[in-house]
Amino acid sequence: MSARISLTLPDPERDHFQGSADAPIKLLEYGDYECPFCGDAHAMVQQIQRRLGDDLLFAFRNFPLANIHPHAEHAAEAAEAAAAQGNFWGMHDLLFKNQSALEDEDLAAYAGELRLDANGLIREVIASVYAPRIREDFKSGVRGGVNGTPTFFINGERYDGDLGQMLSVLTAQLS
Amino acid sequence: MSTAIKNTQTLSNGHRTVLGPGVQAPDFTLRCTPDQSVSLNELRGRPVVLAFYPADWSPVCGDQMALYNEILDEFQELEAELLGISVDGAWCHSAFAKQNKLHFPLLSDFEPKGAIARAYGVYDQKNGIAERALFVIDADGIIHWSYVSPVGVNPGANGILSALEDLKAKSETIAAAK
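Line by line, the protein sequences are chains A and B.
Mind the numbering: the first sequence is residues 202 to 376 in my numbering, read in order.
Mind the numbering: the second sequence is residues 90 to 267 in my numbering, read in order.
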């Protein structure tokens, strides 16, 4: 693993992120597209993003628990392949909205819905083109203290509290 | 089970004493499947990670064993043997391991219940389960590192990996000095 990656802070040079790179609040999620708790958290994160606007940088790293979630690895590959075609977040949102439909043909359909090159995307997924990056995400999470999915880090600190309270915790950090 | 623990160096977790670094790890022979057993002393010669946990079938996404299962290659790189251990019976472990596709042994501290967890100082008497406690045992059977996680918090794997790397660095230093 590259020693340059911060384990618990987003790296705007490397990570997929939304918001401003110099936002005062940096939220990093390690997640798994087939994990139902991550699905619940996705809606929460979107709500937090709407509320905090430019004060928030949100970044996502892959943490697929592939033994218990057989579709998680390909879903992560699909998000990375979409990123290579310029639309990580579109795929990210579709995967979390469709957690029970993550077969390869579903992934291709989502790519089509996003007007990406679906055939190229699926070829990359099947060839595990982005597996090294996903593994790098995973290992940085393990070394950073990720203990399950989803795990959030707020400005580098692991958040162990209730997800429902996260917005108020973040808001309190702002004031 | 060995009772010859002469070194009494321990960590305190408030209401009992957890075995700490420098202490001989109490030996045990426990079932890992209905017809197979594992003895700690059979694993001498390489590090052993002993991961006590409260129960099979806790919610899977946050599950400690599911996490360790995903990083077995890292334990292997560090030449360590990982053993999960709880008070669940061997049949329960079998079903749990099958459901979660676990690729390492789960030991059954079942009869007398929790005896090994007690020997390591990590039995939660009130609830009748093991705590979430981690022990990294060196190639000579001596505890190198131990950690008890707060109630309900999955300790993750970073502490284990750091302890194993530390052990590896030490053994390489010793090997280089010879």
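Keep in mind that the hints are not guaranteed to be accurate.
[Stated by the list, open to error] List time: in silico DSSO-like cross-link candidates among lysine-lysine, alpha-carbon distance up to 27 Å:
(1) A/Lys340 <-> B/Lys259
(2) B/Lys257 <-> A/Lys340
(3) A/Lys340 <-> B/Lys187
[Stated by the list, open to error] Some chain B residues judged to face chain A by a derived CB distance under 8 Å, without partners named:
(4) Thr106
(5) Pro244
(6) Asn247
(7) Leu250
FYI, nobody ran anything at the bench for these hints, they're computed from the structure.
All values reported here derive from a predicted model rather than from experimental measurement.
Idealized CB from N, CA, C, for every residue including glycine.
Going through the hints against the structure:
1. Between lysine 340 of chain A and lysine 259 of chain B the CA atoms are separated by roughly 23 Å; this keeps the pair inside 27 Å, and the hint holds.
2. Of the pairs offered as hints, the one joining lysine 257 of chain B and lysine 340 of chain A holds, with about 19 Å between alpha carbons and a cut-off of 27 Å not exceeded.
3. Distance restraint check for lysine 340 of chain A and lysine 187 of chain B: the Cα-Cα separation of roughly 25 Å lies within the 27 Å cut-off, and the hinted pair is therefore satisfied.
4. The restraint placing threonine 106 of chain B at the interface with chain A is violated, with a minimum CB-CB distance near 25 Å, outside the 8 Å limit.
5. With its C-beta approaching chain A no nearer than about 7 Å, proline 244 of chain B sits inside the 8 Å limit, and its interface hint holds.
6. Proximity of asparagine 247 of chain B to chain A holds as hinted, the smallest CB-CB distance being about 5 Å (cut-off 8 Å).
7. Contact between leucine 250 of chain B and chain A, as hinted, is supported at the beta carbon level, the nearest pair being about 7 Å apart and thus within 8 Å.
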